[in-house]
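Undergrad: Sequence:
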Amino acid sequence: MSAPVIPPGGTIVQTFRRSFVDVPIDADKGNAISTTEFLDAAESLTTMFDVMGSVAFSPVKSDMLGNVKKLRERQLAAPAESENIQDLCRNELKTKKHTATEGLLWLVRGLDFTCIALSSNVAKPSEELADSFRGAYGQTLKPHHSFLVKPVFSAAMSACPYRKDFYAKLGQDSGKVQDDLRVYLAALEKVVGILKGFLDSKDAKW
1 MSAPVIPPGG TIVQTFRRSF VDVPIDADKG NAISTTEFLD AAESLTTMFD
51 VMGSVAFSPV KSDMLGNVKK LRERQLAAPA ESENIQDLCR NELKTKKHTA
101 TEGLLWLVRG LDFTCIALSS NVAKPSEELA DSFRGAYGQT LKPHHSFLVK
151 PVFSAAMSAC PYRKDFYAKL GQDSGKVQDD LRVYLAALEK VVGILKGFLD
201 SKDAKW
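The UniProt record's numbering applies: residue 1 is where the sequence shown begins, and numbers increase by one.
No lab work stands behind these hints, which were simulated from the structure alone. Glycine included, C-beta positions come from ideal geometry on N, C-alpha and C. Take the hints with a grain of salt, since some may be wrong.
[To be verified] Simulated crosslink set (DSBU-like; lysine-lysine; CA at most 30 Å straight-line):
{"hint": "1", "residue 1": "K164", "residue 2": "K70"}
{"hint": "2", "residue 1": "K202", "residue 2": "K29"}
{"hint": "3", "residue 1": "K205", "residue 2": "K190"}
{"hint": "4", "residue 1": "K70", "residue 2": "K176"}
{"hint": "5", "residue 1": "K164", "residue 2": "K97"}
{"hint": "6", "residue 1": "K176", "residue 2": "K202"}
{"hint": "7", "residue 1": "K205", "residue 2": "K61"}
{"hint": "8", "residue 1": "K69", "residue 2": "K164"}
{"hint": "9", "residue 1": "K169", "residue 2": "K97"}
{"hint": "10", "residue 1": "K70", "residue 2": "K190"}
{"hint": "11", "residue 1": "K61", "residue 2": "K150"}
{"hint": "12", "residue 1": "K205", "residue 2": "K169"}
{"hint": "13", "residue 1": "K196", "residue 2": "K97"}
{"hint": "14", "residue 1": "K142", "residue 2": "K196"}
{"hint": "15", "residue 1": "K29", "residue 2": "K69"}
{"hint": "16", "residue 1": "K176", "residue 2": "K164"}
{"hint": "17", "residue 1": "K190", "residue 2": "K202"}
{"hint": "18", "residue 1": "K164", "residue 2": "K150"}
{"hint": "19", "residue 1": "K69", "residue 2": "K169"}
{"hint": "20", "residue 1": "K190", "residue 2": "K169"}
{"hint": "21", "residue 1": "K190", "residue 2": "K94"}
{"hint": "22", "residue 1": "K124", "residue 2": "K29"}
{"hint": "23", "residue 1": "K202", "residue 2": "K97"}
{"hint": "24", "residue 1": "K61", "residue 2": "K169"}
[As the list claims (entries may be wrong)] Listed next, with one range per pair, are the computed distances between beta-carbon atoms:
{"hint": "25", "residue 1": "P151", "residue 2": "P7", "range": "32 to 40 Å"}
{"hint": "26", "residue 1": "S201", "residue 2": "D165", "range": "16 to 24 Å"}
{"hint": "27", "residue 1": "T95", "residue 2": "V183", "range": "14 to 22 Å"}
{"hint": "28", "residue 1": "K164", "residue 2": "G135", "range": "37 to 45 Å"}
{"hint": "29", "residue 1": "D28", "residue 2": "G138", "range": "18 to 26 Å"}
{"hint": "30", "residue 1": "Q14", "residue 2": "H144", "range": "14 to 22 Å"}
{"hint": "31", "residue 1": "D28", "residue 2": "E127", "range": "34 to 42 Å"}
{"hint": "32", "residue 1": "E127", "residue 2": "S58", "range": "22 to 30 Å"}
{"hint": "33", "residue 1": "I25", "residue 2": "K124", "range": "35 to 43 Å"}
{"hint": "34", "residue 1": "V183", "residue 2": "V5", "range": "37 to 45 Å"}
{"hint": "35", "residue 1": "R182", "residue 2": "P4", "range": "18 to 26 Å"}
{"hint": "36", "residue 1": "E73", "residue 2": "P4", "range": "35 to 43 Å"}
{"hint": "37", "residue 1": "A186", "residue 2": "R17", "range": "28 to 36 Å"}
{"hint": "38", "residue 1": "A186", "residue 2": "D165", "range": "33 to 41 Å"}
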């Protein structure tokens, strides 16, 4: 895993191929979330784990990328029915399959975990990264993980870098890093909230 190269005067958010800020949400279609941009943004987010600089985060990253892959495969198989994430899942479920929809469920859990951890850390200047991630894990992924998976994720939490080292890797200007992260995380939180609502609805049940 190689950490992204931050442009001079820039922040990690500028290295993302796609930011959640740029994911189209169609309010007229029940907050339909554009599939391609959402998957690009989710994929881009996983480079954050490279900045953590520990192989312990590899399972977290590969889990999220594996779920992105399931959704992309469904999109490729039925592009006309998959322009937004919600339709992609509804149309897949009509075929009595749920590979991509289940992939979305786990991807959203992973995004929620990352969003809560980083938002909490940005909001609490004295909190170490490991504490923020541990707290977020308990709220999001842990209740759904088996006793075999929990130790793998717990190891990742313990391997978090120190706060000051982590933020130093996100850009030279710490104020700009914090500002960019706040905007990015607010957009991510909005997308996650919409998709959690969808996944809780009868439309997404199999």
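Undergrad: None of the hints should be skipped; say for each whether it holds.
TA: Hint-by-hint comparison with the structure:
For the hint linking K164 to K70, the alpha-carbon distance of about 36 Å lies beyond 30 Å, and the restraint is violated. For the suggested pair K202 and K29, the alpha carbons sit about 17 Å apart, so the restraint of at most 30 Å is met. Simply put, K205 and K190 have alpha-carbon atoms about 22 Å apart, close enough for the 30 Å limit, and the pair holds. For the hint linking K70 to K176, the alpha-carbon distance of about 35 Å lies beyond 30 Å, and the restraint is violated.
Using a Cα cut-off of 30 Å, the hinted pair K164 and K97 is violated, with the two alpha carbons roughly 46 Å apart. A threshold of 30 Å between alpha carbons decides the hint, and for K176 with K202 the separation of about 41 Å lies outside it, so the pair is violated. Of the pairs offered as hints, the one joining K205 and K61 holds, with about 26 Å between alpha carbons and a cut-off of 30 Å not exceeded. In summary, the hint linking K69 to K164 is not supported, as the alpha carbons are separated by about 33 Å, beyond the 30 Å threshold.
Distance check on the hinted pair: K169 and K97 sit about 42 Å apart at the alpha-carbon level, beyond 30 Å; violated. For a cut-off of 30 Å, the pair hint linking K70 to K190 stands: about 22 Å separates their Cα positions. With a C-alpha separation of about 15 Å, the suggested pairing of K61 with K150 holds against the 30 Å cut-off. Proposed proximity of K205 and K169 is contradicted: the alpha carbons are some 41 Å apart, above 30 Å.
The suggested pairing of K196 with K97 holds, with an alpha-carbon distance near 20 Å, which does not exceed 30 Å. With a C-alpha separation of about 17 Å, the suggested pairing of K142 with K196 holds against the 30 Å cut-off. For the hint pairing K29 with K69, the CA-to-CA distance comes to about 25 Å; that is within 30 Å, so the pair holds. Between K176 and K164 the CA atoms are separated by roughly 15 Å; this keeps the pair inside 30 Å, and the hint holds.
Straight-line distance between C-alpha atoms of K190 and K202 comes to about 21 Å, which keeps the hinted pair within the 30 Å bound. Simply put, K164 and K150 have alpha-carbon atoms about 27 Å apart, close enough for the 30 Å limit, and the pair holds. Pair hint K69 plus K169 holds up; C-alpha atoms about 28 Å apart against a cutoff of 30 Å. Note on K190 and K169: the hinted pairing holds, with a Cα-Cα distance of about 26 Å set against a maximum of 30 Å.
Distance check on the hinted pair: K190 and K94 sit about 27 Å apart at the alpha-carbon level, within 30 Å; holds. The straight-line distance between the Cα atoms of K124 and K29 is roughly 36 Å, outside the 30 Å bound, and the hint therefore fails. Proposed proximity of K202 and K97 is supported: the alpha carbons are some 15 Å apart, at most 30 Å. Of the pairs offered as hints, the one joining K61 and K169 holds, with about 18 Å between alpha carbons and a cut-off of 30 Å not exceeded.
Distance hint check: the CB atoms of P151 and P7 are about 38 Å apart, consistent with the given range 32 to 40 Å. For S201 and D165, the Cβ-Cβ distance of about 41 Å falls outside the hinted range of 16 to 24 Å, so the restraint is violated. As the Cβ distance of T95 to V183 is approximately 38 Å, the hint placing it in 14 to 22 Å is violated. Judged by the Cβ atoms, the range 37 to 45 Å given for K164 and G135 is violated: they are separated by roughly 19 Å.
Distance hint check for D28 and G138: the Cβ-Cβ separation is about 37 Å, which falls outside the suggested range of 18 to 26 Å. Against the hinted window of 14 to 22 Å, the Cβ-Cβ separation of Q14 and H144 comes to about 33 Å, which falls outside the hint. Checked against the hint of 34 to 42 Å, the C-beta distance between D28 and E127 comes to roughly 40 Å, which is consistent with it. The hinted range of 22 to 30 Å is satisfied by E127 and S58, whose Cβ atoms lie roughly 24 Å apart.
Distance hint check for I25 and K124: the Cβ-Cβ separation is about 29 Å, which falls outside the suggested range of 35 to 43 Å. Range check, V183 to V5: about 21 Å between beta-carbon atoms, so the 37 to 45 Å window is missed. At roughly 19 Å, the beta carbons of R182 and P4 sit within the given window of 18 to 26 Å. Judged by the Cβ atoms, the range 35 to 43 Å given for E73 and P4 is violated: they are separated by roughly 26 Å.
The given range of 28 to 36 Å is broken by A186 and R17, whose C-beta atoms sit roughly 20 Å from each other. Between A186 and D165, the C-beta spacing of about 25 Å breaks the proposed range 33 to 41 Å.
When the structure is compared with the earlier hints, violations turn up for hints 1, 4, 5, 6, 8, 9, 12, 22, 26, 27, 28, 29, 30, 33, 34, 36, 37 and 38 and for no others.
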